[in-house]
Amino acid sequence: MDFSTEKIIFEKQSSSQGVDYIPTLSDIDEAIVAPKYRRKSKMNLPEVSEFETVRHFTRLSTLNFGVDSNFYPLGSCTMKYNPKVCEKILADENLANLHPEQCFKSIQGVLEIMYNAQKDLSEICGMDGFTLMPAAGAQGEFTALKMIDAYFKDKGQRRNKIIMPDSAHGTNPASATVAGFETVTIKSTESGKIDTTELSRALDSDVAALMITNPNTLGVFETEIEEIAKLVHDAGAVLYCDGANMNALLGICRPGDMGFDVMHLNLHKTFATPHGGGGPGSGTVGVKDFLMPYIPAGQVIKREDGMFDFSKSEKSIGSIRSFYGNVDVVIKAYAYIKALGFSGLRNAGLTALLNANYLRENLKAYFDIPDSRDNCMHEFVISLKEEAQFHDVHASDCAKYLLDHGIHAPTIYFPLIVEEAIMVEPTETESKETLDNFIEVMKSFREKIKTDPESLKAAPVKTPFKRFDEVTAARKPNLRWQQD
Amino acid sequence: MEYLPHIEKSKKEMLESCRVSSELGFLEGVDEKFIVFNMDLSTPLSEMELVRFFKEKAAENVADYDMYLGGGMYSHFIPAAVNALAGRSEFYTAYTPYQPEASQGTLQAIYEYQSMICSLFNMPVSNASLYDGATAAAEAVLTAYSVARGKKTVVISEGINPQYLDVIKNYVEGNNIIIKTVPLSDGLTDADSLEQAMDDDTFCVLAASPNFYGLVEDMSLIAKKVKDKKTVFIAVVNPMSLSVLEAPGDYNADIAVAEGQPFGNNMYLGGGALGIFTCSEKFMRKMPGRVVGKTTDKDGKEGFVLTLQTREQHIRRDKATSNICSNQAHNALKACIYLSLMGEEGLKKVADNNMALTVYAVNKLKNVKGLKLPFADKLSFNEIVIEFDNHTSADVLKTMAGQKIFAGIDLGKYNADDKNRMMSCFTETKTKEQIDKFVETLEKSLA
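Top to bottom, those sequences are chains A and B.
Here my numbering is used: the first residue of the first sequence is 1, the next is one more, and so on.
Here my numbering is used: the first residue of the second sequence is 1001, the next is one more, and so on.
No lab work stands behind these hints, which were simulated from the structure alone.
Glycine is no exception: its CB is placed at the ideal position from the N, C-alpha and C atoms.
Misleading hints may appear alongside valid ones.
Listed below are the simulated PhoX-like cross-link pairs for lysine-lysine, each with C-alpha atoms no more than 20 Å apart in a straight line [as the list claims (entries may be wrong)]:
1. B:K1301 <-> A:K457
2. B:K1413 <-> A:K312
3. A:K12 <-> B:K1301
4. B:K1298 <-> A:K7
5. B:K1319 <-> A:K161
6. B:K1169 <-> A:K153
7. B:K1413 <-> A:K105
8. B:K1169 <-> A:K476
9. B:K1364 <-> B:K1437
10. A:K315 <-> B:K1169
11. B:K1033 <-> A:K230
Label pairs and their calculated CB-CB ranges [to be verified]:
12. B:T1392 <-> A:K7: 55 to 63 Å
13. A:D289 <-> B:K1437: 47 to 55 Å
14. B:I1007 <-> A:K155: 49 to 57 Å
15. A:D368 <-> B:T1296: 31 to 39 Å
16. B:K1369 <-> A:A34: 47 to 55 Å
17. A:G406 <-> B:K1009: 20 to 28 Å
18. A:I301 <-> B:G1412: 19 to 27 Å
Okay, chain A solo, but in the shape it has when bound (with noise of 0.2 Å):
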């Protein structure tokens, strides 16, 4: 029995207790409103029950694969374990229902507890500097493109251009065209890697940064990275490094060691804050001391009197959305620090690395892994290019049959100079028998390519729902439920 019958909560009909929650008001006038400002349309919200909204959202729930309930090896995305305490601690109503325009002086706790995130962070990276403003990783890269863009303006320099190789996330160019630069895409070498002849070729006074992320999207560490830092300097420009794959470096490099300026972390990924199905996510943005003037505003320091305040630079590039950022997430992914320490987080890195090269060395006899070299970093790829060409079973057909096992698919398609790439990334947080099990089904999904594999076109069939329309989705689209 599952719910998958589930029906939109609209055409559920039970007594609401809506006007329950609050009390009446009584002795007390109720406004006058002049028509002219009255709704006009007629309303529809759902009319149902709290018991039979609790059933509902609770029966939603059982339809979606969770980091509590399934492995979930994506590549990028860093979904490890989300400890328990961090969500408790955030539930004190003490930092719940603080409100923004509070004084300092009644916020100290947490103004506290951001300073030193920022103060963390930074150790961590090897930065100068942290904003905690950025609601999510495409953000953090705007926000630093931003400051890189003053940064120029204010050395009365015109610099429209930003490098980056083919294998960069669809957010790097994004947020570059956003940012109001003119993005330049480099080919990588054979393994992934940044090719130096070509960077050296597209660097010119016109490029303010280049972006990259260290290790690349093949889970290969940039191991020219001093070099590519030298030619970026000597052009004058500014060494960007996207932040997503820090886990296979937390703890063990620091980014800003190897001669970046400025990166973005995300914190719902490296720092194990949840995902919750799309956000709240932080893409907190450090920066070397060059950079420090424009860093946006709502920057946590210490007074001389030893108290915190918020504070804004002179040449600081303003908001780059309201208040101080996604505050819960930044709490919790401090909670994170505090109880690993230097220690902990060391171990996460190296852990994060032997889980990903036990999967590595027991399917590469399995499958095409396209990087010539001995061992990865955090994450590898796999390529399905023959068994598309010579089966025509594909990178989605692997995805639909990881399902079936009650495994969530790894990243796909993704990087885009790999044909038919799978990424996949365990994270330290998997136990070895996960893991043994994540191999057998691969090895069975090998098999089944060689025995069956017009099988695999039906996956998935143990899910409570088979593959969808998504053309239909796209060409007719419906949006919301409208009553008939």
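Model the placement of chain B on the given structure of chain A, informed by the hints.
The following block gives chain B in isolation, referenced to the frame of chain A:
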């Protein structure tokens, strides 16, 4: 405390399988000089110590004073069922629903959220959420710009939240968009001035209702003036007001955005944000952010998928409608649950109570010496401006805080001319008695 899985035996087997003696063996190619062996971080804590630490830190904040603060984030009552349901790990530990067969819980909830928002706003399309009201307003301008055909100017009423203006400036700069702001006239947008500010280069106009001073604008008139000139009209609204006051669709707004935090989200010092974005059909394929659509699976069973993905960054890259990826999905879920629990009657009651309590406060304040209510003759939703004859609002706020009341926002922070003005917010969380105490205490502090 760490969350690592391997017993010694397993770890040993795994290392052997990889033919390395330790994890450091995976770092070949990483220059030794980059490898760190210590960091200046605090000592790791056991869970017990961690809980104690945060309890103490949390207690160094004040969250239990009588609070009359608004300005973009609002204290509303949240039924217990909201967090109980949203706190289910199948919801909060789930990933983005790219694999629909494994994500129907999230997908159906978002579709229901979109439906409720469309209904409340009386707009045909809603996305699955953006970061907050401010970025939603910024993205709305960029969406309008995508069909602007070379026009470069956006006209914005100064009734908009000043933070939203800052954010919009940052987002439109990259396209060399020009912002023209129009001052308020006695606290409200003058529709004629707005019209006069428009020219052949104007591609969209923004106005907010309630505006930053809490006053309800004549959006029908403003919208008409804008649309008569065939220009895109973007409305910025307080969603909690829509059960009683005009919905954006009622005055044919092209795009309507809002801060959705009032619906079931704790404030977390501004963290519990939710960017609501709605638009007309015309903008559906230009809209930023994710959107969920209904469809059927292979067996003809109805279900939901992320759709219209060709607008998004993972497909269109530098030509995407926006760079947004992760949004505030879990906060949207809370909003959806809140709206389900409250229903039309419940939501209407909240709005009515907010307005009634605000009127009650205004009537009591009228009798207080030492202050004026500059906009008392105009309609407010749940915020009012109080102007002090002989005090700065900073001083008054300090005195009130000494009496355990966060009396309002110092408007001098946002406008140097408003140093003697304070803005106070009255939501359904307040009782008549609390408001009486507010007024008495204010009176004493002005004496």
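Results of checking the hints against the structure:
1. B:K1301 <-> A:K457: holds (18 Å)
2. B:K1413 <-> A:K312: holds (13 Å)
3. A:K12 <-> B:K1301: Roughly 19 Å separates the two Cα atoms, so the pair holds.
4. B:K1298 <-> A:K7: Holds - the C-alpha atoms of K7 (chain A) and K1298 (chain B) are around 19 Å apart, at most 20 Å.
5. B:K1319 <-> A:K161: Holds, at roughly 15 Å.
6. B:K1169 <-> A:K153: holds (16 Å)
7. B:K1413 <-> A:K105: holds (16 Å)
8. B:K1169 <-> A:K476: violated (35 Å)
9. B:K1364 <-> B:K1437: Status holds; Cα separation ~11 Å.
10. A:K315 <-> B:K1169: OK: K315 (chain A) and K1169 (chain B) at ~15 Å, within 20 Å.
11. B:K1033 <-> A:K230: holds (17 Å)
12. B:T1392 <-> A:K7: 55 to 63 Å: Once the Cβ atoms are compared, 57 Å apart, the range 55 to 63 Å for K7 (chain A) and T1392 (chain B) holds.
13. A:D289 <-> B:K1437: 47 to 55 Å: For K1437 (chain B) against D289 (chain A), whose Cβ atoms are near 49 Å apart, the range 47 to 55 Å holds.
14. B:I1007 <-> A:K155: 49 to 57 Å: holds (56 Å)
15. A:D368 <-> B:T1296: 31 to 39 Å: Cβ of D368 (chain A) to Cβ of T1296 (chain B): about 35 Å, so the range 31 to 39 Å holds.
16. B:K1369 <-> A:A34: 47 to 55 Å: violated (30 Å)
17. A:G406 <-> B:K1009: 20 to 28 Å: holds (26 Å)
18. A:I301 <-> B:G1412: 19 to 27 Å: Distance hint for I301 (chain A), G1412 (chain B) holds at roughly 21 Å.
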